Amino acid sequence: MNKILQYVNVTTSYNGTPVVRDVSFSLREGEILGVVGESGSGKSTLLKAAMGLLGPGGVVTRGDIWFKERNLPDLPENELRRLSGPELAMIFQHAGASFCPIRSVGAQLFEAVSAHEEITEADFREKAAALLKKLRFEDAARILESYPFELSGGMMQRVGIAAAMLLNPSVLLADEPTSALDVSVQKQAVEEMLLIREMYHTAIIIVTHNIGVVRAMADRVIVMKDGRIMESGDTRDVLEHPVQEYTKKLMAAVPRLRLRRGA
Amino acid sequence: MTTPILQLQNLKKIFTRNGQSEFLAVDGVSFDISAGECVGLIGESGSGKSTVANMIARLLDPTEGRILLDGEDVTDVKARQIFRTVQMIFQSPQESFDPRRTLGDGIGESLLNVGRSRSQVRAEVERLLEAVGLPPDFARRYPHEVSGGQCQRAAIARAVAIHPKLLICDEATSALDVTVQAEIVDLLSRLMRERGMACLFICHDIALAQNFCDRLLVMYRGKIVEEGPPDEIVQSPKQEYTKLLIDSVL
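Residue numbers (our numbering), protein chains in the order written: chain S, 1 to 263; chain B, 1001 to 1250.
Errors might be hidden in some of the hints.
Claimed, not checked - DEER-style ranges, computed between Cβ atoms:
id : chain 1 : residue 1 : chain 2 : residue 2 : range
1  : B       : THR1179   : S       : PHE149    : 35 to 41 Å
2  : S       : PHE149    : B       : ARG1221   : 19 to 25 Å
3  : B       : ARG1221   : S       : LEU194    : 28 to 34 Å
Said to hold, decoys possible - Here are some chain S residues the structure puts well away from chain B; computed CB gaps all over 12 Å:
id : residue
4  : THR11
5  : SER24
6  : ASN71
7  : LEU135
8  : LEU195
Keep in mind the hints are simulated off the structure, nothing from the lab.
In this text, all values refer to a predicted model and were calculated from it rather than measured experimentally.
Where a beta carbon is used, it is the ideal one built from N, C-alpha and C, also for glycine.
Chain S extracted, bound-state conformation (with noise of 0.2 Å):
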């Protein structure tokens, strides 16, 4: 399979302080990669170095980060921002916050969309509509009629991971997508994420502290520690049978849910 996307000894710093070190990894066409490690680990920063988010202060110091020939630290800000979106898309833990609170919901996405291409409201609408559909909305039209506060955490999550999809990105970046969900709203995003990469071949980061959302949905895996990759591999392999004491460790302290008698 094409790579798609491509770390090369990344290493980034925020103020001279390196938070990620000499990373590299790949992530292949249509494929879900996890990225697990504990708060300060690094792993929220790997994404925003692709999409040229590091805010004031951070860096990719040293290392390429290669999308499509392109090595996004060395890119214009106009060129990233036109790939931002309809190339490489990226979801945030709280979609609902990326809303402005007094327009309505269907307006904003029509205002993302139409950044990147010449649509008119209506086919707009009947697009979105669609999409939605799809991933199995079931009142569509109620959702772009609606203001991001009539909606709740769980939906806003949904109607956010959906809007990535409406310029259908190659890439889909997910930062802690389900962290601040319920059970059972986490388990219908990570569905949705899968129905994603089924219909439109997305390859999909999703960098989280939840094991189990990762164990549900990922390929292969890549666990960090202070900016560092400590394991990487099959899903399968490394949370069943991990190598390196940390990711033991870690593991071990995933509570489990014992489901069978004596288990």
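Fit chain B to the supplied structure of chain S, relying on the hints for placement.
What follows is chain B alone, placed relative to chain S:
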């Protein structure tokens, strides 16, 4: 038979907005907690778990029903009258401490309030910090100067300082990394065992609750819908809602 440490009788809470629109957050909840028992309260956001906790800690007044602590009706008393018996640990330790006072001040406050001298309190704070695995100089640190896990240890020291009979943990480990969560859970079970404290453990992580608690209560839309030993609830849930909840765990 000994009196349970906590008895809730048909507790109800109706929130009113602008004095009119009503929301029934807790709808006739009754349960007991025996001395030294650890009871888990699980359910989704908005199911009323924290409202129950806040009523027990007397931070909220119930609309109806009674709360008995150690057999005594405390439904109408203020929080400061029961702080010796009930202490609470919250989800965000940093927010639960006064940002302008040291952790030592926070931990020792209840002891000062019951009339101990400053030097006694200082010595006791040091012992408490040791009991929760923190170095003595943490007494002089401020909440923002320590990590989330360390701050939660300090919050536990603060809660157990006065030797309460009941500890309410409202998502006390939810904001922590799993390895830190495992350490905090170990610390809590050791302290409960050593001091014979009972615990109401509010948690949305069902696996954690199954492993940590003696008994589980499942809350949905303000009601307790199912109750029993953790393995029984997880392995053979009787209510549709509980089944859905267990099935959703990834």
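Now for the hints, and whether the structure bears them out:
no. : hint                                : in the structure
1   : B:THR1179 with S:PHE149: 35 to 41 Å : 36 Å, holds
2   : S:PHE149 with B:ARG1221: 19 to 25 Å : 21 Å, holds
3   : B:ARG1221 with S:LEU194: 28 to 34 Å : 29 Å, holds
4   : THR11                               : 24 Å, holds
5   : SER24                               : 25 Å, holds
6   : ASN71                               : 33 Å, holds
7   : LEU135                              : 18 Å, holds
8   : LEU195                              : 16 Å, holds
Figure legend: structure checked against the earlier numbered hints; every hint is met.
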